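Visitor: Chains B and C: place on chain A using the hints.
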Amino acid sequence: MSAGWLIRRLLLVVYTVLVVSVLVFAITQVLPADAAVTLLGENATPEALAAVRDRLGLNDPVWLQYWRWLTHAVAGDFGLSMRTGQPVAPMMLVALSRSLLLALLSILLMLAIAVPLGLWAALRQGRAADLLTGLVSYIGVSVPEFVTATVLLMLLADWLQWLPATGYVPPSEDLWDSLAHLALPVITVSVIMVAHVSRMVRSETIDVLHSDYIRAARLKGLPERAVLLHHTLRNALLPVITIVALDVGYLLGGIIVVEEIFAIPGIGRQLIVAITARDLPAIQAGALIMAMTYAIVSTLADIAYALLDRRIRYD
Amino acid sequence: MSAVLSVEAYSLDYRLRQGTARVLDGVNITIGRGEVVGLVGESGSGKSSLAWAIMRHLPRNAVEAGGALRLGGLDLRGLDAAGVQAVRGRRIGMVFQDPSTALNPTLRLGEQVMEVLIRHRGLTRPEARDAAEAALTEVELRDPAALMRRYPHEASGGEKQRVVIATAFATQPELILFDEPTTALDVITGARILELFARLREHTGVAALYISHDLGLVSRVADRVSVLRRGRIVEEGTPAQVFRAPAHDYTRGLVAAVPRPERRLVADAPGSATVLAADALSVRYGRRRLFRPPPPPATEAVTLAVREGEILGVVGESGSGKSSLARGLTGLASFGGAVQAAGRRLDRPGAMDRAYRRAVQIVFQHPDSSLNPRMRIGEILSRPLRLHGGATTEIPALLEQVRLPPDYARKYPHQLSGGEKQRVAIARAFAARPSIVICDEITASLDVSVQAQVIELLLALRRQHGTAYLFITHDLNLIRQIAHRIAVMQRGRLVDLREAAAIDAPDAHPYTRALIAASPTPVG
Amino acid sequence: MTDLLRRLLRTPQGAIGSALLLLLLLLCIAGPALAPRDPEAIDFLGRFRPPGAENWLGADQLGRDVLSRLMTGARATIPLALLATLLGTLAGAVIGTLSAYLGGRWDEAIMRNIDAVMAIPGLLLALLLVSSLGKGSLNATLAIAVAFTPGMARVTRSVALNVRAQDYVKAALARGEGSLFIVLREMLPNVVGPVVVETTIRVAFAVMLFATMSFLGLGAQPPAPEWGLMVAEARRFVHQAPWIILAPALAIAVTAIAFNLLGDGLRDALNPRDER
Numbered sequence: 001m002s003a004g005w006l007i008r009r010l011l012l013v014v015y016t017v018l019v020v021s022v023l024v025f026a027i028t029q030v031l032p033a034d035a036a037v038t039l040l041g042e043n044a045t046p047e048a049l050a051a052v053r054d055r056l057g058l059n060d061p062v063w064l065q066y067w068r069w070l071t072h073a074v075a076g077d078f079g080l081s082m083r084t085g086q087p088v089a090p091m092m093l094v095a096l097s098r099s100l101l102l103a104l105l106s107i108l109l110m111l112a113i114a115v116p117l118g119l120w121a122a123l124r125q126g127r128a129a130d131l132l133t134g135l136v137s138y139i140g141v142s143v144p145e146f147v148t149a150t151v152l153l154m155l156l157a158d159w160l161q162w163l164p165a166t167g168y169v170p171p172s173e174d175l176w177d178s179l180a181h182l183a184l185p186v187i188t189v190s191v192i193m194v195a196h197v198s199r200m201v202r203s204e205t206i207d208v209l210h211s212d213y214i215r216a217a218r219l220k221g222l223p224e225r226a227v228l229l230h231h232t233l234r235n236a237l238l239p240v241i242t243i244v245a246l247d248v249g250y251l252l253g254g255i256i257v258v259e260e261i262f263a264i265p266g267i268g269r270q271l272i273v274a275i276t277a278r279d280l281p282a283i284q285a286g287a288l289i290m291a292m293t294y295a296i297v298s299t300l301a302d303i304a305y306a307l308l309d310r311r312i313r314y315d
Numbered sequence: 001m002s003a004v005l006s007v008e009a010y011s012l013d014y015r016l017r018q019g020t021a022r023v024l025d026g027v028n029i030t031i032g033r034g035e036v037v038g039l040v041g042e043s044g045s046g047k048s049s050l051a052w053a054i055m056r057h058l059p060r061n062a063v064e065a066g067g068a069l070r071l072g073g074l075d076l077r078g079l080d081a082a083g084v085q086a087v088r089g090r091r092i093g094m095v096f097q098d099p100s101t102a103l104n105p106t107l108r109l110g111e112q113v114m115e116v117l118i119r120h121r122g123l124t125r126p127e128a129r130d131a132a133e134a135a136l137t138e139v140e141l142r143d144p145a146a147l148m149r150r151y152p153h154e155a156s157g158g159e160k161q162r163v164v165i166a167t168a169f170a171t172q173p174e175l176i177l178f179d180e181p182t183t184a185l186d187v188i189t190g191a192r193i194l195e196l197f198a199r200l201r202e203h204t205g206v207a208a209l210y211i212s213h214d215l216g217l218v219s220r221v222a223d224r225v226s227v228l229r230r231g232r233i234v235e236e237g238t239p240a241q242v243f244r245a246p247a248h249d250y251t252r253g254l255v256a257a258v259p260r261p262e263r264r265l266v267a268d269a270p271g272s273a274t275v276l277a278a279d280a281l282s283v284r285y286g287r288r289r290l291f292r293p294p295p296p297p298a299t300e301a302v303t304l305a306v307r308e309g310e311i312l313g314v315v316g317e318s319g320s321g322k323s324s325l326a327r328g329l330t331g332l333a334s335f336g337g338a339v340q341a342a343g344r345r346l347d348r349p350g351a352m353d354r355a356y357r358r359a360v361q362i363v364f365q366h367p368d369s370s371l372n373p374r375m376r377i378g379e380i381l382s383r384p385l386r387l388h389g390g391a392t393t394e395i396p397a398l399l400e401q402v403r404l405p406p407d408y409a410r411k412y413p414h415q416l417s418g419g420e421k422q423r424v425a426i427a428r429a430f431a432a433r434p435s436i437v438i439c440d441e442i443t444a445s446l447d448v449s450v451q452a453q454v455i456e457l458l459l460a461l462r463r464q465h466g467t468a469y470l471f472i473t474h475d476l477n478l479i480r481q482i483a484h485r486i487a488v489m490q491r492g493r494l495v496d497l498r499e500a501a502a503i504d505a506p507d508a509h510p511y512t513r514a515l516i517a518a519s520p521t522p523v524g
Numbered sequence: 001m002t003d004l005l006r007r008l009l010r011t012p013q014g015a016i017g018s019a020l021l022l023l024l025l026l027l028c029i030a031g032p033a034l035a036p037r038d039p040e041a042i043d044f045l046g047r048f049r050p051p052g053a054e055n056w057l058g059a060d061q062l063g064r065d066v067l068s069r070l071m072t073g074a075r076a077t078i079p080l081a082l083l084a085t086l087l088g089t090l091a092g093a094v095i096g097t098l099s100a101y102l103g104g105r106w107d108e109a110i111m112r113n114i115d116a117v118m119a120i121p122g123l124l125l126a127l128l129l130v131s132s133l134g135k136g137s138l139n140a141t142l143a144i145a146v147a148f149t150p151g152m153a154r155v156t157r158s159v160a161l162n163v164r165a166q167d168y169v170k171a172a173l174a175r176g177e178g179s180l181f182i183v184l185r186e187m188l189p190n191v192v193g194p195v196v197v198e199t200t201i202r203v204a205f206a207v208m209l210f211a212t213m214s215f216l217g218l219g220a221q222p223p224a225p226e227w228g229l230m231v232a233e234a235r236r237f238v239h240q241a242p243w244i245i246l247a248p249a250l251a252i253a254v255t256a257i258a259f260n261l262l263g264d265g266l267r268d269a270l271n272p273r274d275e276r
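Protein chains in written order, with the working numbering: chain A, 1 to 315; chain B, 1 to 524; chain C, 1 to 276.
These are calculated hints, taken from the structure and not from any lab test.
This one's a predicted model, so the numbers in the text were calculated from it and none came from an experiment.
Please note that a few of the clues may not be correct.
[To be verified] Computed from the model, here is a short list of chain A residues facing chain C with C-beta under 7 Å:
hint, residue
1, Ile-256
2, Val-257
3, Ile-275
4, Ala-295
5, Thr-299
[As the list claims (entries may be wrong)] Derived DEER-like restraints, expressed as beta-carbon distance ranges:
hint, chain 1, residue 1, chain 2, residue 2, range
6, A, Arg-124, B, Gly-78, 25 to 31 Å
7, A, Ile-139, C, Ala-33, 36 to 42 Å
8, C, Ser-179, B, Gly-253, 42 to 48 Å
9, B, Thr-183, C, Leu-161, 26 to 32 Å
10, A, Pro-116, B, Gly-253, 51 to 57 Å
Beta carbons: idealized from backbone N, C-alpha and C, even for Gly.
Chain A on its own, in the form it takes in the complex (with noise of 0.2 Å):
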């Protein structure tokens, strides 16, 4: 991995958040709402109206509207919200955080099954244990989020009442508490990412099983044991951080439906609150901030996947 490479992969990232910039603006400014009319309301004067466009440049072109839209917003100012008159800007990143939170434990548990079991089904190849497992991450993959969170919630927390329904408490405030609501929509967010990452750990463990070197170490006369975790083990589980990387973007898909079902007040919730009620600053804010979140994301498992395997050279 040289400077130059890591120059480029900078680059790039600053590069997609502009084009993303663009995109977003462009998509936004269709928006057949009239921002000023969103702001007073239907019966607002005609005076008014047009004071509030002039104040708020609607009547300059497009490109005047978009350069100061990104130069205010490079400068972490995304305007008000149009429903509560706050600044976005905090109020996204706030949200961030607690979505961030989400991704994160959903990660970390996802990791925790899908390693395990993809591991499980590839040494049992072709075994009953292996066919179960792939006809259970084929269901996996196949049950949108909106319906794992709705049995969830039937199952757990009104018929069983083990957990929580809904509801967001902060870490800092009661830390129990706080996991015990982030329970349900962890749990619902990893099953796709599980059922997807075990079949990739799966496949690439069989990959590595099948290559000249395992059966070169195996030929050596190294116990089983020794192959399997010196040998298989890295090969098998490099890939799947670029696997993990590219699903982060399915995650933060997932994140917009949990959070609106367990009534979490993350990004994704905000998005969704400020798509119904119109309010522009804060979906550019809310759209912006979440590709960014994965375009860096994507650039550290690049660098991680750099820095981990030495047989690529980046130049």
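Guide: Only chains B and C this time, still in chain A's reference frame:
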């Protein structure tokens, strides 16, 4: 003489969906102390299956149908898992075909030698480190301590194979299995590995089973040779016996198929007119990019000319730029310099018109990827005919020319064997009635006997049509049999170009002489 | 074609997937006709009636027959998910093929932008589009199609590049075939297979995405018997009548599984090297 390894009437079946298939049938092989036995067979002969059987590493669908495998007094077939692990790597070492896949890419080279020493000789890590360093010194690696800290991708193919060999020898086993240890290496590197093996053998007196598809090669390294065909040993004896007086028809065919430079297959002289010429031709891939050094040229300012009906051989190791030359000449890669044909000078691929495309045809190395899997053979052959003024009624004749039955026109490529596919590719090239055919390593992926048939076919077609060939290969012995002149390439440059008869003249380029030295002619 | 079908049905995934999809196709075509009751018929006496002789899968909060709504709802979900995927595939395939064909700087520029767009999660992009196009089934379909385009462009491009590097394409170039022939006859038949497999698997994803958007209130609008919407409406009555939720949830999952199975089966069936 007590036997180190004895294989007695050993038979092996594979259970397949269609029933069982016998891969080894009553095989007998005995290897005495310090003896090297060569096992020769073409693909599908079962030679690798025998190696897996001895190493007790059989696929799940294998069924041992009888016979015995003995290592000294030990019955290998009767071993349990722990017993097998105690034999592998300790009493039987193994050297694999491709060192770049046989070494774990994420472990340091030293670690991969040390783990065997720790496991089988019970050494501590520091002891193992010293022993590994000694073992690597033994295989004549320079600066073994530094090499041990490197990862496989940071070492050359030859270095990696030496590490594999060092690992096999490090535990002082009684027997070592060599599974085509030079096939994946370049000619000169492979020759050095063979020299190393000869020296190690002398030092250690180890017994070995040397498995290869190359009868010529085996005859040089083995004390005795067994020829395996479809799971049966059809002939055995000393290399001289097997080579000079083969008893079995199959062996006779195999011996005849081994390329020998002194046995010329082409006697006529080429014409004088030039059909195709490269004029300071350079091929460069990729382009300059931000923060990256520009890629080195694959082929640099090569100048050569092929005459009418001439066979011009191009030899060189992998990465020497010989295939890039072919790509430049066929306009598949953009090039600097110029191509000359039919008195015209073409300085870019776009200038190659239909007449040029018809006159200059190419056949590729891998028949699997050179035929479109979704087209029938008839359709594949009809394209050049339609494009260059032939009629599709010629297809049966074309197939017959390459000695395939006419009903093959209805088949798909995946229904054909490798040799048959290569014949179709040749037929496709000849459909355009070319004046020159560029053959890019076209026999490299074929068995020796199939290779001989393909070469014979090419020569017959040349007699019939007077076609010239630009024959690209890494096999110097093969090209010395058929070429009028031979061009030698090294690192993108043309270093030598001379008459085939004068290739071993004293004024040849040092690299040419190194190539000749690394391609010795078979015993007998 | 018949050959392909035969090979598809020989794989277990292909056989099960095809059978399930045949059933779903039947529902899409004749669902309303086959439904035992009128899916819109409100029956206040039969609210939350558990599954039984009268309503096989029970009745919902308005006493509507869940089975009939389910059967009618196939039409509201599957064709639109298919349409969205096809549109996305078409747009993606054009961009991907163009990028692979142009190669060099153009290819790099197109792909960099595609990658950048893919930094927006699919669901978010779809939601953004719906927020500006307005709620509704057709807009949701369009949004999903747009959200799928960059991914399909990537897949198509990589398959096309892979095929382009094959020697048979080089052979065609070397003998002077025109670009049109090379693209249409040499490359396309080999590109179509993997793209069809990817598309089939994506239909499963589209079904889920479409249901999710309806669930969030941005796709199909009440009183449509769309499956995602049915789950959303039934959520409040989970205590009284869990079957109102379970039935459409199961339908969504089965549909997604069917397309996933078919995709896997097609992958095996389309590989000509499998049998000799």
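Visitor: With reference to the structure, classify each hint as holding or not holding.
Guide: Here's how the hints hold up against the structure:
| no. | hint | verdict |
| --- | --- | --- |
| 1 | Ile-256 | 6 Å, holds |
| 2 | Val-257 | 6 Å, holds |
| 3 | Ile-275 | 4 Å, holds |
| 4 | Ala-295 | 5 Å, holds |
| 5 | Thr-299 | 10 Å, violated |
| 6 | A:Arg-124 <-> B:Gly-78: 25 to 31 Å | 27 Å, holds |
| 7 | A:Ile-139 <-> C:Ala-33: 36 to 42 Å | 31 Å, violated |
| 8 | C:Ser-179 <-> B:Gly-253: 42 to 48 Å | 46 Å, holds |
| 9 | B:Thr-183 <-> C:Leu-161: 26 to 32 Å | 30 Å, holds |
| 10 | A:Pro-116 <-> B:Gly-253: 51 to 57 Å | 55 Å, holds |
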